[in-house]
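**Q** Counting the sequence shown from 1 gives a position; the numbering used here is that position plus 98.
Please note: incorrect hints may appear among the correct ones.
Said to hold, decoys possible - Once the Cα atoms are required to be at most 30 Å apart in a straight line, the calculated DSSO-like pairs of lysine-lysine come out as: (1) Lys343 with Lys317; (2) Lys148 with Lys365; (3) Lys148 with Lys343; (4) Lys148 with Lys317.
No lab work stands behind these hints, which were simulated from the structure alone.
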Amino acid sequence: MALAAAGTAVAVAGGGPFGGPGGGDGAGGPSTPAVPATTPITRQDLVDTKTVEGSLTYSGERRIVTDARGVVTWVPAEGAVVRRGRPLLRVARRPVVLMYGTLPLYRTLRQGVADGPDVEQLERNLKVLGYGGDLTVDDHFSYATYLAVRQWQDDAGLPRTGQVDATQVVFLPAAARVTDARAEVGARTAPGQPALVVSGLRRVVHVDLSTSDQALVRKGARVTVELPGGERVRGRVTSVGTVAKAASQGEGQDEDSTVDVDITLAKAPRTRLDRAPVQVELVSERRRDVLAVPVEALLALREGGFGVEVAEGAATRIVPVETGAFGGGMVEITGAGLAEGMKVGVPAP
99 MALAAAGTAV AVAGGGPFGG PGGGDGAGGP STPAVPATTP ITRQDLVDTK
149 TVEGSLTYSG ERRIVTDARG VVTWVPAEGA VVRRGRPLLR VARRPVVLMY
199 GTLPLYRTLR QGVADGPDVE QLERNLKVLG YGGDLTVDDH FSYATYLAVR
249 QWQDDAGLPR TGQVDATQVV FLPAAARVTD ARAEVGARTA PGQPALVVSG
299 LRRVVHVDLS TSDQALVRKG ARVTVELPGG ERVRGRVTSV GTVAKAASQG
349 EGQDEDSTVD VDITLAKAPR TRLDRAPVQV ELVSERRRDV LAVPVEALLA
399 LREGGFGVEV AEGAATRIVP VETGAFGGGM VEITGAGLAE GMKVGVPAP
C-alpha cells in the first residue's frame with residue numbers, strides 16, 4: 099500500500115523502498131545494504147503556503163444614482179477619472195457635478211434650510227472650487243452661500259437658482275474612476291435609475307475566499323500576489339468579510355460559500371488592466387528553526403504513522419517520526435535521536 103503526504107507518494111516501510119529491508123517493528127536496528135540515495139536532515143524555517151485565485155480591481159465600487167430626469171447627452175468613457183467640480187454625466191446638456199463628501203445630498207440646500215453638516219459639506223466644496231470669497235464654512239446656509247452657489251451654477255452651465263439639489267450634484271468621498279457607464283447617450287434617465295458605476299483610484303486585489311480556507315487569512319497578514327505578465331508584488335490583507343455568501347447554486351455546503359477578502363498592494367502594479375485575474379499566495383503556517391527533510395523521505399509504517407530511514411555508513415534503520423508543517427517540498431520532523439546533518443534515504447533520482 100502507499101500513503102500520500104502533501105501530494106507526494108510515501109512508500110510503506112518493510113520490503114525496503116530504498117533497496118534494503120525496512121525493519122518492520124518501526125524502531126528497527128541496522129540493516130543492509132545502504133539506501134541508493136540519501137539527503138541530510140536540515141534545520142530551517144518552513145513556510146506552508148496555499149495559492150488562491152483573485153482579481154486586480156479598484157477600491158470602493160458603488161453605483162451612482164441622481165434625481166436628474168431627461169435624455170442623457172454625455173457620459174464619460176469607462177476608465178475615465180472624474181474629480182471635484184467635473185461632471186459625472188450630462189442630462190439635457192446640464193451637468194451632474196461631482197463634489198467631495200461622505201454625506202449624500204438627501205435634501206435641497208437653500209436659504210432657510212435648517213443648519214446641518216450637509217450645508218458645511220457644500221460650502222467647503224464651493225470654497226475649494228474658488229467660490230464665495232466672503233463665505234464662512236459652517237453648517238448655516240447664509241446669503242453668502244446663496245451668492246456662491248449662483249456664481250458656481252453660472253460657470254457650470256446650470257440655472258442660477260441659488261439652491262442645490264440631487265439633480266445637480268453627487269457627493270462622493272474622493273475622485274472617482276468610471277468602471278461601467280449604465281446610462282447611454284440618447285437614452286432617458288429618471289430619478290432612482292443607476293447612471294454609472296464608479297470606484298476609487300486605489301488598486302486592490304479582491305478574493306472570493308472559500309470559507310474552508312478562512313483560517314488562512316487575517317487582517318494585516320502579508321501575502322504575495324502574482325500579477326498578469328508574471329510580476330510579483332507583496333501585499334497586506336486589509337479586510338476579511340464576516341458574512342459568507344453562496345458561490346454557486348449548490349446545496350449549501352461549506353465549499354460553495356465564500357467570504358470577501360481585500361488586499362492592498364505594497365506598490366502600484368505595472369498593469370493597468372481592471373478585473374485582471376491574479377494568483378494570491380497565502381501563508382497557512384510558519385515554523386522556525388525546525389528539523390526538515392524532503393517529503394519523499396517519509397515512509398508510511400505498518401503500525402501507523404511515519405518514519406524515515408536513517409543511513410549510518412553501510413547500515414540503515416527506521417526511525418518513527420512525528421510530522422509538522424509542510425512547505426516548499428519539505429516537511430518538519432521530530433523523532434528520537436534525530437539531529438541536523440544525519441542522512442536519510444530518498445528514492446533514487
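**Q** Hints first: check each against the structure and report whether it holds.
**A** Here's how the hints hold up against the structure:
1. Between Lys343 and Lys317, the direct Cα distance comes to roughly 19 Å. Compliance with the 30 Å bound is thereby established for this hinted pair.
2. With a C-alpha separation of about 22 Å, the suggested pair Lys148 and Lys365 falls inside the 30 Å cut-off, and the hint holds.
3. For the hint pairing Lys148 with Lys343, the CA-to-CA distance comes to about 22 Å; that is within 30 Å, so the pair holds.
4. Annotation: proposed proximity of Lys148 to Lys317 holds, straight-line Cα distance about 17 Å (limit 30 Å).
This entry satisfies every hint, going by the numbered hints stated previously.
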